[in-house]
Amino acid sequence: MEILSLKTGKLIHFFLPIIFFIVFIWSAYKPYQLGTWFLEVTPIVVGTIIIIYSYNKFRLTTPVYLLLCLGAIIVLIGGHYTYGKVPLFNWLQDSFNLGRNYYDRFGHFVNGFVWALTLREILLRTSALQKRKLLITVVLGLVLGVSALYELVEWCVAIMLGGDAEAFLGLQGDIWDTQWDMFLALAGAIICLLSLSSIHDQYLINEIDVQ
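Take any residue in the sequence shown, note its place counting from 1, add 20, and you have its number in the numbering used here.
Rather than coming from a laboratory, the hints here were simulated on the basis of the structure. Please note that the accuracy of each hint is not assured.
In the BS3-like style, the derived pairs of lysine-lysine whose C-alpha atoms are separated by at most 27 Å in a straight line are [unchecked claim]:
1) K27 - K105
2) K105 - K30
3) K151 - K105
4) K105 - K50
What follows is a list of derived Cβ distance ranges for each label pair [what the hints assert, rightly or not]:
5) I195 - G161: 18 to 28 Å
6) I225 - P107: 20 to 30 Å
7) I32 - K77: 35 to 45 Å
Beta carbons: idealized from backbone N, C-alpha and C, even for Gly.
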């Protein structure tokens, strides 16, 4: 895969917040459930502010920013419709006689990519973890940890909201939903590390080492 030039990378960095803002405005306009939207979107907004604030102090590589933006957009879409009612995945559910709307599962799978590459970069740049096998093990462990933490937060919110938390949890009647979410995040992280590590290393050399 061809590496993007520094100029192209910075252009992408410029447009990604604009794309995020446009999708955010759309997501905030008449969401299906305002309370659920707020719960889903607030962490993304906080994360985006941190990323923008730290841009000049700890700039990440273009692939990481692309994945972060993709992950944020997935959350904004899920927050707008609620994860169990995203139209495209409703169509897939009806067309293929699926047992549920799989948008939330898709989101957790993509989150595995997002967290894996982000954590990989942070560890490579700030720690002594350079050995491939050890790095992979630590990254996968951290991805599982983040996924488990998110599930615990969901559980706490569900306790506080009671019956109103169904849309936020997105269980859709599956008693193994939490386990599936964590498994798919792990699967996404594994596939990410297997498929993107080499290209990520090239971006680290081309974009970070020249800063």
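Here's how the hints hold up against the structure:
1. K27 - K105: Distance of about 40 Å is beyond 27 Å: violated.
2. K105 - K30: Outside the cut-off at roughly 36 Å; violated.
3. K151 - K105: Distance ~43 Å between K151 and K105 Cα, so the pair is violated.
4. K105 - K50: Roughly 14 Å separates the two Cα atoms, so the pair holds.
5. I195 - G161: 18 to 28 Å: Since I195 and G161 have Cβ atoms about 26 Å apart, the given range 18 to 28 Å holds.
6. I225 - P107: 20 to 30 Å: violated, 42 Å
7. I32 - K77: 35 to 45 Å: The hint (35 to 45 Å, Cβ to Cβ) is violated, given that I32 and K77 are roughly 19 Å apart.
Comparing the model with each numbered hint stated earlier shows that hints 1, 2, 3, 6, 7 do not hold.
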